[in-house]
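Novice: For reference, the chains in residue letters:
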Amino acid sequence: MAKITFISAVAAALLMTAGVAQAGNVAAGKEKSAACAACHGVDGVKGLDETYPILAGQHADYLERALSDYKSGKRKNAIMAGMAAALSKEDIADLSAYYASLSGPLKSSKRR
Amino acid sequence: MSVSKQTNFKAAVSGMVAAVGLAAMLASGSAGAQAPAAAPSAAPAAPAVKGDAAAGAKKNSMCIGCHGIENYKTAFPVLYRVPKITGQNQAYFVAALQAYKSGERSHPSMQAISGSLTEQDMADLAAFYAQSK
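So the protein lines, in turn, are chains D and R. Residues 0 to 111 in numbering that gives the first Met the number 0 are what the first sequence spells out, letter by letter. Residues 0 to 132 in numbering that gives the first Met the number 0 are what the second sequence spells out, letter by letter.
Rather than coming from a laboratory, the hints here were simulated on the basis of the structure. Quantities reported herein were computed from a predicted structural model and do not represent experimental measurements. Among the hints, a few may not be true.
To be verified - Computed list of lysine to any residue pairs in SDA-like fashion (alpha-carbon distance at most 20 Å, straight line): (1) K73(D) with T85(R); (2) K49(R) with Y51(D); (3) K73(D) with S101(R); (4) K106(D) with T85(R); (5) K106(D) with A56(R); (6) K49(R) with Q119(R); (7) K73(D) with A84(D); (8) K75(D) with G114(R); (9) K106(D) with P82(R); (10) K45(D) with A94(R).
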């Protein structure tokens, strides 16, 4: 029991440090991802071409920021503005959680 | 990483950014004075500069301060983890840097850093990071 309490405390602390990131629902995100897959690829790696970023394995909070900024118009992209406009905060959190959960080639960069 | 360590890093990075910005300003100032009317060659839709991954590997010192640290967070304007860039698509990578440089995409550090990069630098960095897939 004490262990569970400890784990919840750690989880809560992690969530708080994640700031804006609300824990999205991976399964719900997958269901909402059809429109994304058309360009970014079903796997979030192999998109239409190399001008589309790889999403699989990217940090969820970064993806949330990107989608929120597209929605607000802070980040400008003709295609993404239209896509993000239709998304609720929850949709954004779910989609971000889903793509972050996929495995892909992205890594934090190393010196070499 | 401890909070204080991250703070130190941030201070170092912002110092570096300021230095880079200053250097860029100086560079652009002198270039403008020397060549006020550089031939308007403006090759329309110039073919993308070819990136050299080996050259990119020598130009990434400004990147690793943030992107080389696992789960490093940027504090402005809101707190979130900086994106993983190793393995990212080359063409997207260049487009992102260009968007920061033009101001179309905003982030204080990234705008300052991209402002100091030439097309060749961007292509080289993109080649380097894409290659590390």
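Novice: State for each hint whether it applies.
Specialist: Evaluation of the provided hints:
A distance of roughly 25 Å separates the Cα atoms of K73(D) and T85(R); the hinted pair therefore is violated under the 20 Å criterion. Distance hint between K49(R) and Y51(D) is fulfilled; the C-alpha atoms sit about 19 Å from each other, no more than 20 Å. Proximity of K73(D) to S101(R) is assessed by CA-CA distance (about 14 Å); at most 20 Å being required, the pair is judged to hold. Between the alpha carbons of K106(D) and T85(R) the distance comes to roughly 5 Å, so the proposed pair stays at or under 20 Å and holds.
A hinted pair counts as satisfied when its Cα atoms are at most 20 Å apart, and K106(D) with A56(R) qualifies at roughly 16 Å. The suggested pairing of K49(R) with Q119(R) holds, with an alpha-carbon distance near 7 Å, which does not exceed 20 Å. Taking the CA atoms of K73(D) and A84(D), the gap is about 12 Å. The hint holds against a cut of 20 Å. Taking the CA atoms of K75(D) and G114(R), the gap is near 18 Å; set against the 20 Å cutoff, the hint holds.
Using a Cα cut-off of 20 Å, the hinted pair K106(D) and P82(R) holds, with the two alpha carbons roughly 9 Å apart. Between the alpha carbons of K45(D) and A94(R) the distance comes to roughly 18 Å, so the proposed pair stays at or under 20 Å and holds.
Of the hints listed earlier, the one the structure fails to meet is number 1.
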